[in-house]
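When you get a sec, could you build the whole thing from the sequences and use the hints?
For the sequence shown, the residue numbers in the UniProt record's numbering are 1 to 168.
Fair warning: there could be bad hints in the mix.
[Unchecked claim] Here are the computed lysine-lysine pairs in the DSSO-like style, where the Cα-Cα straight-line distance is at most 27 Å:
hint, residue 1, residue 2
1, K116, K14
2, K4, K14
3, K116, K162
4, K161, K116
5, K158, K116
[Claimed, not checked] Simulated DEER-style distance windows between Cβ atoms:
hint, residue 1, residue 2, range
6, G148, D59, 35 to 45 Å
7, D165, E139, 35 to 45 Å
8, K161, T6, 37 to 47 Å
9, P130, E30, 39 to 49 Å
By construction, these hints were calculated from the structure, which means they are not laboratory data.
Ideal placement from N, C-alpha and C gives every residue a C-beta, glycine not left out.
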Amino acid sequence: MAQKFTSSFTNEEKEMYMREALGEARLAFEQEEVPIGCVIVHNGNIIARGSNVRELTQDATTHAEMNAIRFANHSLSSFRLENSALFVTVEPCVMCAGAILLSRIPEVYYGSANAKGGACGSVVDVMDIPAINHAPFVEGGILQEECGRIMTEFFQDKRAKKRNDTPK
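Below you can see the structure in the form of structure tokens.
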């Protein structure tokens, strides 16, 4: 049976860390990357930050969560990110949820749900598979409107640019 975790953050702390993740999402937006940002907090300190860089790297695995996890692994010199929490602006996909489980991150917080590929309950729930011996605490909806707004703006801008680039 998987160990069950609980939240170790106040609502104010959750919002503070999600604002940091939103800052990473804004950086991605400025680089014309899908604006998803992530921070990893370990013992009360941000030890890693990440944003999507798929266009820059031409690497489908360079999602915000994956990048932050890699940086956190290096920061702690360990693949186990126990005593850590991951804050991400959009619900993790299956790949990122798998990496979170393998990293043993006990707490996951996300902003907006991912209706097309969310793996923390929106489409599938990778975090609650009985056969897996690690079940992190997951909470969505942290600064949901702000997190959703940056995604909406990004894709509206992208569609507008595409329309303007289409020959007439």
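Going through the hints against the structure:
| no. | hint | verdict |
| --- | --- | --- |
| 1 | K116 to K14 | 25 Å, holds |
| 2 | K4 to K14 | 19 Å, holds |
| 3 | K116 to K162 | 22 Å, holds |
| 4 | K161 to K116 | 23 Å, holds |
| 5 | K158 to K116 | 18 Å, holds |
| 6 | G148 to D59: 35 to 45 Å | 26 Å, violated |
| 7 | D165 to E139: 35 to 45 Å | 40 Å, holds |
| 8 | K161 to T6: 37 to 47 Å | 44 Å, holds |
| 9 | P130 to E30: 39 to 49 Å | 42 Å, holds |
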